[in-house]
Structures are given as C-alpha cells and as structure tokens.
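Residue numbers (my numbering), protein chains in the order written: chain A, 79 to 498; chain B, 79 to 498.
What the hints contain is simulated information worked out from the structure, not anything from laboratory work.
In this text, all values refer to a predicted model and were calculated from it rather than measured experimentally.
Ideal Cβ placement from N, Cα and C applies to all residues, glycine included.
The reader is advised that the hints may include incorrect statements.
As the list claims (entries may be wrong) - In silico SDA-like pairs for lysine to any residue, Cα to Cα no more than 25 Å straight-line:
| # | chain 1 | residue 1 | chain 2 | residue 2 |
| --- | --- | --- | --- | --- |
| 1 | B | K402 | A | L333 |
| 2 | A | K250 | B | G358 |
| 3 | B | K111 | B | W476 |
| 4 | A | K250 | A | V143 |
| 5 | A | K402 | B | A334 |
| 6 | A | K111 | B | P357 |
| 7 | B | K402 | A | V143 |
| 8 | B | K111 | A | D320 |
| 9 | B | K111 | A | L403 |
| 10 | B | K410 | B | L235 |
| 11 | B | K410 | B | Q378 |
| 12 | B | K402 | A | L340 |
| 13 | A | K402 | B | F473 |
| 14 | A | K97 | A | G496 |
Stated by the list, open to error - Label pairs and their computed distance ranges (CB to CB):
| # | chain 1 | residue 1 | chain 2 | residue 2 | range |
| --- | --- | --- | --- | --- | --- |
| 15 | A | S391 | B | N464 | 28 to 34 Å |
| 16 | B | D320 | A | A128 | 36 to 42 Å |
| 17 | A | S255 | B | L246 | 35 to 41 Å |
| 18 | B | A257 | A | T98 | 50 to 56 Å |
Number of protein chains: 2
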Amino acid sequence: MPNNSNFPYDLRIDAQRQKTDFDSLAAIGVDGKGGVHRPALGEAHLAARAWFREQVRAAGLELRVDSAGNHSAFLECSDHFSPVLLLGSHLDSVPHGGRFDGALGVLSALEVLRTIKEAGIHLPVNLEAIDFTDEEGTLYGFLGSAALTGRLSHRDLQSPRGGRHNLLAGLKRAGLSEAGLLNAGRDPSSLAGYLELHIEQGPQLERAGVRIGIVTGIVGISSYRLAFIGRADHAGSTPMLDRLDASLGASAFTLAVRRIVLEEFPDCVANVGQMQIEPGVFNIVPQKATLGLEFRSADQGTFDRLETILLASAHTEAQRYRLKLEVEFLAKHLPTPMSPLAQQAIHQAAESLGLSTLPLPSGAGHDAQYLALWCPAGMIFVPSVNGASHSAREFTRWEDCVNGANMLLQAALHLALGRK
Amino acid sequence: MPNNSNFPYDLRIDAQRQKTDFDSLAAIGVDGKGGVHRPALGEAHLAARAWFREQVRAAGLELRVDSAGNHSAFLECSDHFSPVLLLGSHLDSVPHGGRFDGALGVLSALEVLRTIKEAGIHLPVNLEAIDFTDEEGTLYGFLGSAALTGRLSHRDLQSPRGGRHNLLAGLKRAGLSEAGLLNAGRDPSSLAGYLELHIEQGPQLERAGVRIGIVTGIVGISSYRLAFIGRADHAGSTPMLDRLDASLGASAFTLAVRRIVLEEFPDCVANVGQMQIEPGVFNIVPQKATLGLEFRSADQGTFDRLETILLASAHTEAQRYRLKLEVEFLAKHLPTPMSPLAQQAIHQAAESLGLSTLPLPSGAGHDAQYLALWCPAGMIFVPSVNGASHSAREFTRWEDCVNGANMLLQAALHLALGRK
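Isolated chain A, as found in the complex:
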C-alpha cells in the first residue's frame, strides 16, 4: 500500500478510460439524432450488456449475471462472506432517450471497481458494480431491482405497463424466464448499501450553479391505464349528437390532468404519455381511447390525494361524454427517503473533492427506491444541461461526469470505511 496518510481518499478514477467507455457505450443503439434507443431486453440493450460483460472480463473482475438478468462486476476486497456494497444503475434507455441516463452510473461504477482493484485496497465490504434489468419501464419498471429485493409477485407480471406480450418477448430474447425473475431475491443481510450516480434530469443544479446533488428522497410514482369506451359509428352518416366518441373523454381528461396538477398540486407532476384510439380509422367514430397516466409526488399524503382526484376526474369526463371508463391500476412506487448514512457519505465525498452540493428530491424514479427497503441507499446527481432528459437533447458536461465518478468512488469509500 502507498504510505500517503490521506490514502485512499486521494484516489481518483481514470477519466480517459471512463471517456473511452462512455463513447463505446453511446455508440450502441445510437439513433442518428445524438441519442440512443435501447429499450430493455431489445437487441441494442442486449448488445450493451454484451459490451459490459466484455469490459468486466477485460478488467479482470468477476462477472455475475443473476436470474433476473442483472449484470454485475464483482470485486472481492474483503473476506468472502462480507456484505456487498452495490454501486450501479442501468444500461437500458427509454425509446429514443439520451446517452447519459443510466449509462453514466453503470460505467462509473465499473470504473470505481477498476480503480479500487488497481489500488489494492482492503475494505470491510466487497464491491459490486451492477446494471439493473429494465429500470426505465418499457417492460415493467425497476424490474431488476424489484426482483433482487424480492418485491416481485406472479401477479405483478400479468399486466406490466409495457404489455405482457412485450415482457414475455423480451425475456425470451434475453434467455430469461418469469420463474427466474421471481427467484432472483437475495438475502437482505448480504447488502451493505447501495450508491448510484445519475444525471439530475431536471434544471435545479444548473439553475443553482451547484456541481453535485445529494438526493434526499425519491418521489412516489403511480401508473394507470384508463380506457374511455364509446361506440364505433360511421363518421359520415351518424349525426354528431348521436355519437359516443371515446376521443372526447380522453381529450378532456388529458387537459384536466394538467389543470388539476397546476392548480391544486404545484409540487407534483403528471403525464399522459400514451394515447391509443381504436379502431383508429378516419371514417369511424372512435370506439375506444386508451391513455397511459403517470403521476408523482414526494409526499405520501399528497400522493394519495392526487390519485383520488385524478381518478375522479377521469370518471367525470367519461360521464360528460356518455362513455364507459375502465381503470387498470398498473404500478405504484411509494415516496422513498434516501438513507441519512448514505447522504452523509456523499456529503463527505463532496467535501474531500471540494465540490458544492445541493440536497434535492428526485422527481425521477430510480432502482435506489427498491434498494432503500433493504440497506442504506443514496444517490449522487450531476447537472443536466437545460434540465433535458429522456431525449437526444440530454447532455451533461464531461467535467461533471468525471466529478460524478470520483464522487461515487469517494462516497463508496466513506460509506464502506464508515462501517468499520
């Protein structure tokens, strides 16, 4: 071991190696507009995972793939039976998403393990850099972390938000199974903690001129599928007042969602991100309009009230246009505070690196909300230029990416060594 008295807190990741990784990964599933298209368990996502496996082997780390498809690099820096400090994120993207979301966290976790391996540090924990399956929810959402923490039931897999057909097709493509997902739960005592580096995906750090966000908690997220049901009629010969036009209820509700959130829930957000009309033909009055609704709040009481009022509004708009309403609950992730212990370790890391910090809640969901049920979990945010994310406009300055990876390294060391 070097005999520098500040060791290992003067360790830094290899920024050039991190950049090479970033560029390689950003080329997988590249969509021609500067973003990436890597929906979970699609071809491009599986290619990114193949890339990850190759890097793990090249770094001389141990590759582990669990029955939920979660990919890990493992570094034994303690005795074999010590708990594991997990560092990670995800390699899947939303359709036509950005290059930083998830990818930055995975490759930085990998780089942290390489750095610690090379330094030959002994820690009271072992380290694992993990790429979780389907964080983004094109299939289910936080699928890998839910599976790892044993939070997945047979029932959950029957109506995933991406559709059951797509889930089964994805599992098949990846050589996975429902049984594997349901049996991927680990022993809670095997986890010493979880740290994730991620881009903010919002404008707050940039607006405040701060380099590092210390996440205080993750908002609750609920999703529903709402179907407004009318009657198909000839769009030429059926008088306007005789129609039961499903598109009217769906349109009125879409506008109502925005009005309700703006007027009554200023700290919340909601999105109608999907709308399908059936039969979807120019000359037929819409028989069915199906919406995908998602809403978020950091506060449990507010979260519950928002749900009640949005669903009541859907019923009101359906009645207004003489439509039936079918409400399908899809998923709910409760508001989750981050561990004070992990927040403290992140704060110490920022002090040791001389970086300014801002405590802030995450408006986006992350796998950390599942890990937080089992172990001290924390998240490090770096600034998103113009707050853009989930699009090709997503961008984080490279200096901030390097800061983020060093933050992850230092926070991991502080959290691990703080356990001694």
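Guided by the hints, dock chain B onto chain A, whose structure is given.
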C-alpha cells in the same frame, strides 16, 4: 321472349340465391363479433375477390379484372360496341366493419346480371357488375373508381391516407402496381351510367318509416393529417410549466372540432378518428401528437368555410400550448349531386315495385361521386337498423336487402330502356 306486356318490368331477382351469396360472403373475414374485417387488399379482401371470380364463372358471365384491380362481371346484352351501364359497389370493409356495407351492392349487381341473362333481355347497353378496389380508404379511398375515371395522379399516391407503406404492401399482395393504377382510366364515352345499391348507414330512412332512399347527392369529404409538435422531456423531473406537451394541443383541438361543428355547422360532421402520440411512453412528455381529421358537408360553400375554421382552430390550439403545427392535406372529394336521370329511373323503379321513397343526401362517400363526373350516376339506399354502420352492429333487414336488389334491377332497366 315472354309475351307479358309489362315485361321486363315484372322481372324479380332470385332472393334465395342472393341470400346464399350474402351468407357466403359474410363468412369471409368474419371477425367473431358478427362483423367482417376485410381491409382493402388484405388477405380477407383478396379471398372475397376470389369468391367473386368464382361466382362470375359459375354464372357463365365474363370476368374482367382491370389494372386497378377492379373486378367485374360482364354481360353483353347489346351489340359489342354499346356503352356499359355499370352496377356495383365494393367488397372491402373498414377494419372490423359490418357485413352489408359494399357487399350488398356487389352481390346484388351480380344477381341483377344473372337475372337479366336468364331472361335473355336485349338492351341498348351492355351490363357490368363491378367491385371497386379500396372504396373504404384504409389505403387511399375510392382508389378503384378514381383510377377508372382517370382521376389518379402519381402525386396522389405519394401520401395516401393509409400510409404509403401500406399501399405498396397491398398492391404487391394483390399483384398490382402503381403504374397499373395510373393506367386504368377508361374512355368516358364507354359508360352509359352507374347505379349503386347501398345501406344508408344512418338513421333517416328508419326514422321516417320509408323503404327506399333516393340519393340526391354525396357530401364532400376532406381529410387532413395534423401533427402537434412539442418536446420530449422527462415526465418526472421537468416542471409542468416548462413542458411543451404535444398531447395538450391535440386534445384541445379534438374538443374544439366537436364544438365548432355543433355550434356553427349543424348540417356538417367531422371526426378525429386517429390520434398517435410519440414517443408514446409513460415517463416521457409527448413530443408529437398526430391526428387524422375528416369533415363533410353537402354544400360547397359551407364545406370551404368549415375547412377554414377547423384549420384556424388547429393553429390556435397549437399556439395556446406553444406547439408547432404541421398540416398535411390528404384528400378532398367535392360535394357531388347525383344525376336527375338516374334519380328518375330509381323513382320509377320504386313506383313499379310499390315501395315508398325519400330523397336524401349521402353523408357517406361512395364511388358514385367519381362515376358522376363521367356519366349519369345514382344511388339506392335501404334502411340501416339504428343507423349503425362501420361496426359489427351494422344490420339491414333481409326484406330490405331483397327490395334493394329488385330496385337495382328495375332502376337499371328504366335507365337503360329510357335511353332508347
């Protein structure tokens, strides 16, 4: 020839044979809900055409298929160079449509030719029972009649309302080509007239207690594709007021279309039958919302005003939500009066059959609007129960179907013999 003095006006079609045809045809593309699914040039539609060819051969009629795929039975009941009186309709359906729309007109035209052939009548015209390609517009709309009347240009085929990809796939499936469509035009002087039997697809005949509708004209129909364009953002971390949500413009416009027609254009109808949201993901703010708009009016001046006001409203709603608007004009069919000569022949037929009549405009578009540009064209309507159409609920009492076929027979004779 029989020496009955009222011959051929006492001729009647064979109702049992017509029923057998109807049941055979209704079984092709049956969708399990009592309707049929025979989108133009899809497998089921091509199967219906194979059935038609078989019936033509079995009846000893001459089969003709033109380069637009229009299928005909031909009966020479005059000298070879006499003009043709066309009788027909279409065998394609809207997606999950009814059993009567189009099919009744084609099989009745075929039955009329069989009846006249068996009676051995000589007429001043030859007869042709035609099944037009893609009347319903799942690909283009009135494709076969537009091609036959030389109204199709290369440009028209570039952005058909069903999408160019689908058009090309359909042509390929049917062994047709774009060049064939553009070269299917006949000589206008070859046509003596056009008569079509069709279900009303609206409630007026039933409400008036009348058996036969004499169509006075066909409404004008215009269709547009409107894209409201915003910006994709993360639906959790982007504040509501920072969003450029394309679904809001589309929803507001959908509601505005109905309000405008109800308040300012009580004699018109409009439909937003398609709505697609991109990227269509729960946790991404909609970047693009594409609507399919169709509107109709029987009066040219009103038709023009309606177009102006609807498009202005689309711009207004786009601006309200800070969205861009892309307007793509798809097709326009002008309001088309039916020929007084054809209406008179239909009226005479109803008198000879002792059936009550109601003159009425057609709110639905029909191939007759193309044929009317070239020859005396007329349409016979029979009642639709509850006015239902373009759905499995479509129903016309069998007695009315038989009346309709006899009306087509008698009107054809009156129109043909009135030429003498």
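Structure-based check of all given hints:
1. The straight-line distance between the Cα atoms of K402 of chain B and L333 of chain A is roughly 18 Å, inside the 25 Å bound, and the hint therefore holds.
2. Under the criterion of a C-alpha separation no larger than 25 Å, the hint pairing K250 of chain A with G358 of chain B is consistent with the structure, at around 24 Å.
3. For the proposed pair K111 of chain B and W476 of chain B, the alpha carbon gap of about 19 Å is at most 25 Å, so the pair holds.
4. Distance check on the hinted pair: K250 of chain A and V143 of chain A sit about 16 Å apart at the alpha-carbon level, within 25 Å; holds.
5. Under the criterion of a C-alpha separation no larger than 25 Å, the hint pairing K402 of chain A with A334 of chain B is consistent with the structure, at around 22 Å.
6. The hinted pair formed by K111 of chain A and P357 of chain B meets the criterion: a straight-line CA distance of about 14 Å does not exceed 25 Å.
7. Distance hint between K402 of chain B and V143 of chain A is unfulfilled; the C-alpha atoms sit about 46 Å from each other, more than 25 Å.
8. The straight-line distance between the Cα atoms of K111 of chain B and D320 of chain A is roughly 22 Å, inside the 25 Å bound, and the hint therefore holds.
9. Restraint check for K111 of chain B and L403 of chain A: the C-alpha separation of about 21 Å stays at or below 25 Å, so the hint holds.
10. At most 25 Å may separate the alpha-carbon atoms for a hinted pair to count; K410 of chain B and L235 of chain B meet this at roughly 14 Å.
11. For the given pair, K410 of chain B sits about 12 Å from Q378 of chain B by alpha-carbon distance, which is consistent with the 25 Å threshold.
12. Pair hint K402 of chain B plus L340 of chain A holds up; C-alpha atoms about 23 Å apart against a cutoff of 25 Å.
13. Taking the CA atoms of K402 of chain A and F473 of chain B, the gap is about 24 Å. The hint holds against a cut of 25 Å.
14. Between K97 of chain A and G496 of chain A, the direct Cα distance comes to roughly 30 Å. Violation of the 25 Å bound is thereby established for this hinted pair.
15. Between S391 of chain A and N464 of chain B the CB atoms are about 32 Å apart, so this pair conforms to the stated range of 28 to 34 Å.
16. With their beta carbons about 37 Å apart, D320 of chain B and A128 of chain A fall inside the hinted range of 36 to 42 Å.
17. With their beta carbons about 39 Å apart, S255 of chain A and L246 of chain B fall inside the hinted range of 35 to 41 Å.
18. Checked against the given bound of 50 to 56 Å, the beta carbons of A257 of chain B and T98 of chain A, roughly 53 Å apart, stay inside it.
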